[in-house]
Amino acid sequence: MQPVIRNYFREILALLLAGMLLTACGGGGGGSASSVVVTANAGNDQTVNANATVSLSALASSVTGSTIQSYNWQQLSGTLVSLSNSSSVTAGFIAPVSTQNTILRFRVTVTAVSGDVATDDVDITVRRGFIVSGTITPTSGTRIDSDVNDPAYNFISNNQLNAAQNLPNPVTLGGFVSTTGTNQSGDRFSALADPTDYFKVQLAPGQVISLTVASNTADLDLYLLSTSGAVVNASVGGAGVNETLTVPTTTTTVQDYFIEVRAVSGISGYILKVGLTSMSVKDNGYQLTSAFVPGELITRFVDSRLPAGVKNDSLSVRAQSVGMQAVSGAPGRSMLMKVGVQAQFDRTRKKLKMNQVSQASNAELQHKLNTLLALKAMQGRYDVSDCSLNYIYQPLATPNDTNYAAQWHYPLINLPQAWDVTKGSASVIVAVIDTGVLVNHPDLINKLVPGYDFIRDPVVAADGDNVIDANPDDPGDKGYGFSSTFHGTHVAGTIGAETNNGIGVAGVGWNVRIMPLRALGVGGGNSYDIEQAVRFAAGLPNDSNTLPANKADVINLSLGGPGSSALSQSVYTAARNQGVIIVAAAGNNASSTPLYPASYNGVVSVSAVDLNKQLAPYSSFGSFVDVAAPGGDASKNLNGDQYPDAVMSSQGSDASGTISYTYGLKQGTSMATPHISGVVALMKSVYANMTPQQFDDALASGAITEDLGTTNRDDSFGYGLIDALSAVLHAQVLAGGGVAPANPFLAVTPGSLNFSTSGVNANLEVRNAGTGTLTVTSITEDSGGWLSITSGSVGVDGLGQYNLTVDRTGLNDNIYTATITITSSVNTVTIPVIMQKQSLTSYDDAGLQYILLFDTNTSTAISQVAVSALNGSYSFTFPAVAPGTYQIFAGTDINNDGFICGTGEACGVYPDNTPSQLNFTLSADLLNANFITGFTNIASASTLTLLIQKQSQGVLSLKPAPLPK
Amino acid sequence: MNTCKLITVCLMVVVSACTAGGSGNRVVNLKPVWGSQFCGIQSAAGLQLLTSITTFDNWSGAAGAVNSSLPTVNAETFSHHDILVIQMGQQPNGGYRLSLLKKQASINGQDLMISVRWQTPAPDTMQAQVITNPCLLLSIPRDNNFNSISVYDQNNKKRFTLKTGSE
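Protein chains in written order, with numbering that gives the first Met the number 0: chain A, 0 to 964; chain B, 0 to 166.
Derived from the structure by calculation, the hints contain no laboratory data.
Be careful, since some hints might not be right.
In silico SDA-like links for lysine to any residue, alpha-carbon gap of 25 Å or less [said to hold, decoys possible]: (1) B:K101 x A:D653; (2) A:K477 x B:T119; (3) A:K477 x B:G88; (4) B:K156 x A:S227; (5) A:K635 x B:S59; (6) B:K101 x B:D81; (7) A:K477 x B:R141; (8) A:K635 x B:D56; (9) A:K477 x B:S138; (10) A:K635 x B:L69; (11) A:K612 x A:K635; (12) A:K477 x B:T71; (13) A:K635 x B:G88; (14) B:K102 x A:G478; (15) B:K101 x A:T657; (16) B:K157 x A:D653; (17) A:K635 x B:G45; (18) A:K477 x B:Q47; (19) A:K477 x B:S98; (20) B:K102 x A:K612; (21) B:K30 x A:A461; (22) A:K477 x B:R116; (23) A:K350 x A:K272; (24) B:K101 x B:T53; (25) A:K477 x B:K102; (26) A:K422 x A:L810; (27) A:K272 x A:L335; (28) A:K612 x A:G578; (29) A:K477 x B:L99; (30) A:K352 x A:V301; (31) A:K477 x B:N144; (32) A:K375 x A:Q355; (33) A:K477 x B:S78; (34) A:K477 x B:G45; (35) A:K350 x A:L388; (36) A:K350 x A:L335.
So the derived list for chain A, only partly shown, Cβ under 7 Å to chain B, looks like this [as the list claims (entries may be wrong)]: (37) T484; (38) L546; (39) P547; (40) N549.
As the structure is a computational prediction, the values presented were derived from the model and not from experiment.
We put the beta carbon where it would ideally sit given N, CA and C, even for glycine.
From just these sequences and the hints, can you work out the full model?
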């Protein structure tokens, strides 16, 4: 305040003096008239980032002559912010996010106790927010169902065949179906159902169509229809079952088809894929093309849940209660029932309350489709504990012997699988000490090595001479009876009948050979003769005064008696010490009485099982049993073929007076024993040096048996039922010194190629997927010119990378197929290739993408945009983003539940989902936040359910989302 | 010889002559038709009398399930004969066999007595460990007056009896 002039001179002088004093005392803002000077200081101007926490401090303010009473901060200009602690010396605010740099001006007012006041201003410059933008590209071949539940997405119904949605090939499509309205306000299908989606697509033979069902409780089925709408294939699993089917290979050209996704029950999103070839098909057991008997279902009811009138009665009444015909079985166990066609199937449908069934393209497919859908209906019944198709099983290696189909005892021990490993060696010899062998039997004549007849008693030998001799031909043992057993011929046939010769039976050992030795004749045999045969077979001195050119590897003794002696034990010990594995029958006494020689030390004793792997009712048991094998039970016919469940092999008949060569059934531990001998022979074929001890150890370890009965060893089955496959694989390990043998195997990836409409280049990786070495000998293709193969990085063995190139020049619009064949020194691999030439442009579309900017520090989505595809991609921009760390998520909300990236929905994330980079730090504009979305992408937060905010009008808010789950 | 003894002898002769035509030790010729150690699946031990081609077909249907060399029999066989099936029942090894011991069977009263060799394993012998169902089929003339058939083994032990009801 300026001093006042009272008189002219003195007053002017006083004022001057007062002024000088005031000046000397400092201040510059004012003060009390008396002596108070208040100085406000709002701090220095600042430049901050958007979203920064800014602190305004007036600490530098001061008062003289009084004390500061209060502070007051206020914003004078700029984007309004929320000031905290505005009445404190220090206030704060969060810098706003803006698309431009902005200046915020603040003023602090400092008030002294004296009432004196001073102010000061400060400018805070807030840098603009960064731009985050990018392009999201759907994975190639992505499409969206044109009628999904999200009301924000363009809607075109595809619920009728004539409104089928066109699809490219290959394609990955996200879709939605429902059997009822969702009852959710805002849903497109709130009131009405979306029961089916039809798609039209060109498909090549063998292509795979798969349907992944999002909901665990919904039942969606997949149909492939001809252009007339008839079913040509179907996959109709139950609730939550993913469906797969292949395009029939009955045609060789690309065809038009319809694909139908049908909701059977529930509401669910789904992912439909077309394009892979049949190499990757997994049979879910509900496919029309699965190998099952049309019209047959195997059912087991829950007895306690059957209606009163149905419970305790016959198979036929139970079958009728579900509209089917009875075939076999009985209450209390599985029943085989028949599902009919036409009128009879109508009865089944009514009893099971089934919907109408689609029309199939032929009668057999219709019958199978009826069966599949009846299966589903049965599986959903309260009174059914289990229902399955009657599958048709094919062995892996199938001999063409006439009676092979009756040899159920071979698949029982995984013998066909073992034959894929080895078919035995002709250098392996199994001695059959028995009644001799019909040496001219057509199924044995080519499988024999020289044998011997050791029967001394001419009455027992019945061969017209009274000497032991080198003729093991079985003259018959009928004695006073009417016909002979020709037992040895049956046993020898099981071990080594000529296999895959179009007649007769197959033998376990396939190529192994038989040394026929006679020791049983009329009325049986005796220990001495048998033991001479054992010595001969083992290459030990014997009464014949001869030795075989090659001793036997295995001795089979399907015989026995109650007597034993130390002397006899020594014979078997000596034979075993020669490296011969001795196998003998445990006996048919249905008791634990030991039989010999099976019960001697060092002899493998064999009990018998039936087709159900149960101990045969006649089989002996006891501590001496080492292993079990099929011996049969002719009182049963469990597999429903024309034969009782006995062992089929070669045999003879002399009932007519002359010997005829036949095939027939026998049962007993006699029949079980040659199964073991044959498997041992297969093992010896793989590992010639296998010792008896090694075989015993393999048995005891459980490595070559299926454990039946009590775990590990028991008196009924010994160490279990022989497993021929495990046995030969174990022999391979032994042969390798305990290490699996070199087993080279050519493998090629990918297993199929689909260049779609625009693919030009691809690579094939050709490698040895096993051990050891192999060489690629040729690589060819049959495209006719549009596909070419060149070597990339390839070694001298032909393994490595090959480059494929497609040239569509001059081709008409169509789908083209080719096969690449890669041949090696071990195996050949074929790779199917599909390519499409399409002139019309069809853009990928993953549906309306909700794109969230996710702050990883606060775990909130701070911004959201929704974008539809334009020319196959999505462009997005977040115009002003504060510095920080973020992720960007994009996805569809097909089912309109408010969450993206759910099961069956499109999803993508930026940055890519790698452990090293789960987020990005924003300190400058990011203009290339490009990433992929699609129905096969799993975002890094695949367990993260991202809530999006929607309004009923489809205008999207930018409210932050709650914490993710 | 005194008169009393002579009259007694004559009377005995007359009595013998009177009884010879109705009963007593008549002889019937038997013919083996077929036999095997593998007859049927679980053939119960016992006798069966097959009186027609139909009953034979029924029996062979079961027996043929495990045996492919059944006998050839036609309807003519049954015009004057029946076929008796003697079944030993299921046995645990190959040491069991049935064979005809005597080709002639005698009728005692009204019982046809047939002798067979009922073979079982000799002690301490080794046997093939195969399940057997030994049987023997015999052709029996139909015109004989017997209403039962009994089978005896080589030790004269009666093994089976079958009421035939024939007159």
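Hints versus structure:
1. Distance hint between B:K101 and A:D653 is fulfilled; the C-alpha atoms sit about 22 Å from each other, no more than 25 Å.
2. Using a Cα cut-off of 25 Å, the hinted pair A:K477 and B:T119 holds, with the two alpha carbons roughly 13 Å apart.
3. Taken as a hint, the A:K477 and B:G88 pair is honoured in the structure, with Cα atoms around 18 Å apart against an allowance of 25 Å.
4. A threshold of 25 Å between alpha carbons decides the hint, and for B:K156 with A:S227 the separation of about 81 Å lies outside it, so the pair is violated.
5. Proximity of A:K635 to B:S59 is assessed by CA-CA distance (about 18 Å); at most 25 Å being required, the pair is judged to hold.
6. For the suggested pair B:K101 and B:D81, the alpha carbons sit about 18 Å apart, so the restraint of at most 25 Å is met.
7. Restraint check for A:K477 and B:R141: the C-alpha separation of about 29 Å exceeds 25 Å, so the hint is violated.
8. A C-alpha spacing of about 21 Å is found between A:K635 and B:D56, which places the hinted pair at or below 25 Å, so the restraint holds.
9. Our distance criterion of 25 Å between C-alpha atoms is met by A:K477 and B:S138, whose separation comes to about 20 Å.
10. Only pairs whose Cα atoms come within 25 Å are accepted, and A:K635 paired with B:L69 is accepted, the gap being roughly 21 Å.
11. Distance hint between A:K612 and A:K635 is fulfilled; the C-alpha atoms sit about 13 Å from each other, no more than 25 Å.
12. Restraint check for A:K477 and B:T71: satisfied, since their Cα atoms lie roughly 19 Å apart, inside the 25 Å limit.
13. This hinted pair checks out: A:K635 and B:G88 have alpha carbons roughly 17 Å apart, not beyond 25 Å.
14. Taken as a hint, the B:K102 and A:G478 pair is honoured in the structure, with Cα atoms around 16 Å apart against an allowance of 25 Å.
15. This hinted pair checks out: B:K101 and A:T657 have alpha carbons roughly 24 Å apart, not beyond 25 Å.
16. The straight-line distance between the Cα atoms of B:K157 and A:D653 is roughly 29 Å, outside the 25 Å bound, and the hint therefore fails.
17. For the hint pairing A:K635 with B:G45, the CA-to-CA distance comes to about 22 Å; that is within 25 Å, so the pair holds.
18. Our distance criterion of 25 Å between C-alpha atoms is met by A:K477 and B:Q47, whose separation comes to about 23 Å.
19. Our distance criterion of 25 Å between C-alpha atoms is met by A:K477 and B:S98, whose separation comes to about 9 Å.
20. Pair hint B:K102 plus A:K612 does not hold up; C-alpha atoms about 46 Å apart against a cutoff of 25 Å.
21. Restraint check: the Cα-Cα separation between B:K30 and A:A461 comes to about 24 Å, which is no more than 25 Å; the hinted pair holds.
22. Of the supplied pair hints, the one linking A:K477 and B:R116 holds, its CA atoms being roughly 13 Å apart against a limit of 25 Å.
23. A distance of roughly 35 Å separates the Cα atoms of A:K350 and A:K272; the hinted pair therefore is violated under the 25 Å criterion.
24. Between B:K101 and B:T53 the alpha-carbon distance is near 28 Å, which puts this suggested pair outside the 25 Å criterion.
25. Restraint check for A:K477 and B:K102: the C-alpha separation of about 18 Å stays at or below 25 Å, so the hint holds.
26. With a CA separation close to 49 Å, the supplied pair A:K422 and A:L810 exceeds the 25 Å bound.
27. The straight-line distance between the Cα atoms of A:K272 and A:L335 is roughly 36 Å, outside the 25 Å bound, and the hint therefore fails.
28. A distance of roughly 31 Å separates the Cα atoms of A:K612 and A:G578; the hinted pair therefore is violated under the 25 Å criterion.
29. Note on A:K477 and B:L99: the hinted pairing holds, with a Cα-Cα distance of about 12 Å set against a maximum of 25 Å.
30. Straight-line distance between C-alpha atoms of A:K352 and A:V301 comes to about 19 Å, which keeps the hinted pair within the 25 Å bound.
31. Only pairs whose Cα atoms come within 25 Å are accepted, and A:K477 paired with B:N144 is rejected, the gap being roughly 33 Å.
32. As the CA atoms of A:K375 and A:Q355 are separated by approximately 14 Å, the hinted pair is consistent with the 25 Å bound.
33. Pair hint A:K477 plus B:S78 does not hold up; C-alpha atoms about 30 Å apart against a cutoff of 25 Å.
34. Taking the CA atoms of A:K477 and B:G45, the gap is near 21 Å; set against the 25 Å cutoff, the hint holds.
35. A hinted pair counts as satisfied when its Cα atoms are at most 25 Å apart, and A:K350 with A:L388 qualifies at roughly 19 Å.
36. A threshold of 25 Å between alpha carbons decides the hint, and for A:K350 with A:L335 the separation of about 18 Å falls inside it, so the pair holds.
37. The restraint placing A:T484 at the interface with chain B holds, with a minimum CB-CB distance near 5 Å, inside the 7 Å limit.
38. Given the 7 Å rule on beta carbons, the hint for A:L546 is violated: about 24 Å separates it from the nearest Cβ of chain B.
39. Checking A:P547 against chain B: minimum C-beta separation of about 22 Å lies over 7 Å; hint violated.
40. Evaluation of the A:N549 hint against chain B yields a violated restraint, the C-beta minimum of about 26 Å exceeding 7 Å.
Against the hints set out earlier in the document, violations occur for numbers 4, 7, 16, 20, 23, 24, 26, 27, 28, 31, 33, 38, 39, 40.
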